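Chains as they are written, first to last, in my numbering: chain F, 12 to 785; chain W, 65 to 488.
Rather than coming from a laboratory, the hints here were simulated on the basis of the structure. No experiment lies behind these values; they were computed from the predicted model shown. From the three backbone atoms N, C-alpha and C, an ideal C-beta is built for every residue, glycine too. Where hints are given, some of them may not hold.
Restricting the straight-line Cα-Cα distance to at most 20 Å, the calculated cross-link-like pairs of lysine to aspartate or glutamate (DMTMM-like) are [claimed, not checked]:
id	chain 1	residue 1	chain 2	residue 2
1	F	K23	W	D334
2	F	K684	F	E699
3	F	K673	F	E710
4	W	K153	F	E229
5	F	K545	F	D598
6	F	K649	F	D664
7	F	K545	F	E646
8	F	K23	W	D252
9	F	K149	F	E135
Label pairs and their calculated CB-CB ranges [said to hold, decoys possible]:
id	chain 1	residue 1	chain 2	residue 2	range
10	W	Y342	F	L59	19 to 25 Å
11	W	K153	F	G110	29 to 35 Å
12	W	G213	F	G110	28 to 34 Å
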Amino acid sequence: MAHPAQHSGMHKRTIAFVVVLVLIWVYLISQLVRLQIADYDYYQQIVLNQLTVENTTTPDRGKIYDTNMNLLATNTTVYRVFIAPQDIMEFENESEDYGTGEAAAKIAEELVAVLGVDYNTVIEKSQKYNRRDETIKKNVDPDTAAILRAFIQENGFTGLLNLSAESKRYYCYGDLACHVLGFTNSDGNGVYGVEATYNDYLKGTSGKYITARNALQEDMPFKYESYVGAENGANLVTTIDMRLQYELENQLQAAYDSAQADERVCGIVMDVNTGGILAMAVVPGFDCNSPYELAEEYLTELAESGYAEDSDEYAKLRSSLMYQMWNNKCITETYEPGSTFKIITASIALEEDAVQVDDEFYCPGYHYVEGWGDIKCHKTAGHGKVTFARGLQQSCNPTMMETIERIGRETFYKYFEAFGYTSRTGIDLPGETSGVYHAMKNMNAVELATYSFGQTFKTTPLQQLTAICTVANGGYLVTPHVLKEMVDDDGNVISTYQDEDKLQILSEETCDTLLGILAEGVATDGGARNAYVKGYSVAAKTGTSQKRDKYVYYDAEGNVVSADDEWVSYEQPFRIGSCVGIAPAEDPQIAVLIMVDEPTVGGSYGSIVAAPYISKFLSAALPYLGVEPHYTEEELSKMDVAITDLTGMSTDDATLYITNRKLQWQIIGNGTKVLAQSPAGGSRLSTENGVVYLYVGDELPETDTVTVPDVMGKTATACNKAIVNAKLNIKVEGSVNVDGGSGALVISQSPAAGTEVPRGTVVTVEFRHTDMTD
Amino acid sequence: MTAPTRVPAQAPARAPSRNVPAARKKKKKGSFWGYWMRAFSVDQTVLEQRDLVREQGSYDYVFLIIVLVLLAFGTIMVYSSSYAYSMNKYNDSYYIIFRQFIFIVVGFFGMGFAMWFRPEWYKRFALVIYIICFLVLALVPIIGVEHKGAKRWISLGFTEVQPSEFMKLGLVLLLAWYFDRYYERITDYKHFWRSSFFGVFFPILMIGVTCVLVIIEKHLSGTIIMFLIGIIVIFAGGAMIRWLVGFGTVGMVGLFLVSIFTDYTKRRIDIWQHPEAYPQDGGWQTLQGLYAIGSGGFFGVGLGESRQKHMYVSEPQNDYIFTIVCEELGFLGAVAVILLFAAFVWRGFQIAMKAPDTFSSLVVMGIVGKVAVQSALNIAVVTNSIPPTGISLPFFSYGGSSLVILMIEMGIVLSISRFSKQQK
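Input sequences plus hints: build the corresponding full structure.
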């Protein structure tokens, strides 16, 4: 009855079934081989692509400091405001409070109110339903962002309206040192100034923040994050001294304003021993925080061009003006240095013993040069018989021409090259250009003669100052530079500017002699006497060169007119007035160069347009640098002293106080107690002739008035006399060597002539040597 | 002469080695397990009288170990693959694995009970079990619970069960019982039509009726599995090959024609062939599954390190769990899984071959065949070797009903393994 557990065919059938299964398994494994081994790279890439969102974390750009670690450039957070139309749509679909378009409208209204954007534009963007990132506005400041953030939270609009923080370069002082600092473009890379030179160091290394996202675009557990930290850029400590920079810019602005220089004014202050640039500026400058906005001067020029605002010419002019504005004239443009080069000529002559300080020269007002004829001195009447030293002080061209002839062509050219006129200085700022000069084989007698007083070749202002620094530092050619050191965020020094071995060109003896001659000239009747600084010995030399290809036209009254004006009376080549100063002359620390390109108002000589500002700059800079003043006895007798508020004091006390300060006094009215005084407490009076008027009776200064006399154009003596006679006090603005040469004249007074002022009021006057000397 | 009543006359005919010493028997009786065993077992004498079996042996430990390894492996993978999904969906990474643990515990109880029962018990109740399954399955369209547009579950209050999973076992039992019962008629191929009717037509009718119930649930993959299980059993049971081959050919051609001429299937075929053309709708899961498999490479990205389980592969703990295995454990892990199933099938079929009677043999064939077919089809689907359809991977895919029923089935196989014919 019993049948076998498995029928006869079951074994075979099972084996058949197993065979089929094995075939299937082998096929499946082959599929796995294809997917997992053959196509592994392909799938791996796909998975990584769809999985990871790679965010680059931008490093903080290195900060820029001045030499005293004052912050000049840093980074600030701004926000980009954007909406996510897709999320807004989904939000509206799900929300019971908002119908279609209602949330978008509410957001748009808020954005209009807070950011001042156009309502329709926002609505338009909010309707791009497939987008999740529509930028509304960039560079939104943190305060505004905070308002929007509150709005987002209040309404639960998280994800619909978004703020994304971004880093933006911020220059703490706007236009201060703009040409040195430069600025960054929208990518955050430096495009001008040290921002460009040291961009690689400043920008740091960007980090990668790879987040894995799941299919719902949500963050995955932390282990899927990979973070390669951003490395912040190195912080630059520049050689720039903020205070000096500020002062230089002020003086350049003043020089620019008074001379109305067509082609801008620039100045450099250099540490003579290291070549470090303490200050460097071009006026007009620009605001580093908004470099694409033209400075006022350029806007005027643009407006006067007459082009329609949407014309191509307008745009072209605008952009060319912008490039002009950004250019660091100190290093990107060349000029004929003029008489400041005589320092170099003289130094070569002294170094080579070609002349002695006391050698006598005769200047008839011209010098005959082979192949040209007579080349005039700027003083056409001639300087007559002068020593070499005086010839240099008076900037006598024939003296220099003769000197250079004594030096000889080869020797001169050797020095010319050694001083760096034939190469770039190598400053760490972008766009430096080199000079324009003759090859030695092309230098004939005429070229040699004109080179002696700095004409027929071109140099950058920086090259010129670098060469002159050689005289100031004992004969070494320095490499000008802006970088002092780089520090990390913790203040550790990463690298320090390494000076190359400096080449000594001149002996210290030569330098000392030369500085002595120059300083003497400034203190007496030299051409650079406008550069005089009270209490300090300043070696300075002015220079005026003519542009041989550009003329300025004047009408009969001396007003500047355009070339095709029917009133053109005479023309003059455009000039460049410059002045270099080295101070203090006995132990030079800084060298300053101010160059005024194409002055159009007033005298166009360097002694007038540039030297006074060297003086003003130095009189502020030297005390700041801690240089002790050494006053002459005459200067001490004319010192200014401050007076305090004496009201309420007894007459005796007050007069004693005034007498102790070597001032004079006069009592007005009857009484024993000072009721009022003129000038007021805090004023500074000269010990030479200062008078304090004390009111003890009924009369008060307000009613006791006198008329300010007109002292404009008067000499110091005449001015003093006029003011003292008018029962006023005088204050001399700046520190001017008023007696040098034919005497300085008053170029400005305040209050103006004819003003009724209380007796004893301080009248501020400014002197300048206005004779056209070079 | 009083011969011991309990010693059958045929006893001497058997090999002496099959006689179990009395001492051992006694020991069994006294044991704790033996008590329970007897409570649920058919009296030994009945078996002996039927002259069916030999003495009860031990479970097939090799098979048990394979099952436990598969189960452990699967559980680990459920944990790994469900981690992100649970976190995302339930805000609790352990949500799914916790439930899976409960199912495993329940499953072990089921497996334990199933192991204790003797194969005869299953034979006796096969028809009843099938009818119960049938009725419950028939009730699904009426009282069922709907998930994702499909009504396949019945709520028990504390949990939900999927009757079609139970029906797979029910069908295996029914067919095994049927083939055991009509064994002679079926295997008597000389009577062509009788054999055809009993071995092919009637069983296919039974399979068809069962499948209809599943089709009503709109459960295509379930229907296919059900059908294939039925075919495996009747194939193993001795159904005439020529019919099966004939029906198979006709079926294939029919399927081919249907797939060509209906838009729905055409689209599915197109998605299958070009999943990259449907990255969002339809092709998403296939594509993401392939990405997961491919990106695993040879050694895999490491256990727990899957990237695709982070909502790229939807519900990675379910039908597509194998893709996560491939991704995390690489080609090596994937092949290991296939080899484990191969070992399972090999051992399972050995048990079937040595089973004491046709019924137990076919039950084991059906159960092991089910696991083999389902695992092969699952891997074929996730590797995009066949058009996508929802087939779970036994021991791996998350799911209460299927796991519990699977473990019960393993218990049945193990129960049968106790009575394997000994090697000569």
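The hints, checked one at a time:
1. As the CA atoms of K23 of chain F and D334 of chain W are separated by approximately 38 Å, the hinted pair breaks the 20 Å bound.
2. For the suggested pair K684 of chain F and E699 of chain F, the alpha carbons sit about 26 Å apart, so the restraint of at most 20 Å is broken.
3. Using a Cα cut-off of 20 Å, the hinted pair K673 of chain F and E710 of chain F is violated, with the two alpha carbons roughly 26 Å apart.
4. Between K153 of chain W and E229 of chain F the CA atoms are separated by roughly 13 Å; this keeps the pair inside 20 Å, and the hint holds.
5. Straight-line distance between C-alpha atoms of K545 of chain F and D598 of chain F comes to about 16 Å, which keeps the hinted pair within the 20 Å bound.
6. The straight-line distance between the Cα atoms of K649 of chain F and D664 of chain F is roughly 24 Å, outside the 20 Å bound, and the hint therefore fails.
7. Proximity of K545 of chain F to E646 of chain F is assessed by CA-CA distance (about 7 Å); at most 20 Å being required, the pair is judged to hold.
8. Restraint check: the Cα-Cα separation between K23 of chain F and D252 of chain W comes to about 17 Å, which is no more than 20 Å; the hinted pair holds.
9. Under the criterion of a C-alpha separation no larger than 20 Å, the hint pairing K149 of chain F with E135 of chain F is consistent with the structure, at around 18 Å.
10. For the pair Y342 of chain W and L59 of chain F, the beta carbons lie near 22 Å from each other, so the given range of 19 to 25 Å is met.
11. Here the CB-CB span from K153 of chain W to G110 of chain F is close to 30 Å, well matched to the stated 29 to 35 Å.
12. The given range of 28 to 34 Å is respected by G213 of chain W and G110 of chain F, whose C-beta atoms sit roughly 30 Å from each other.
Checked against the numbered hints given earlier, the structure breaks hints 1, 2, 3, 6 and satisfies all the rest.
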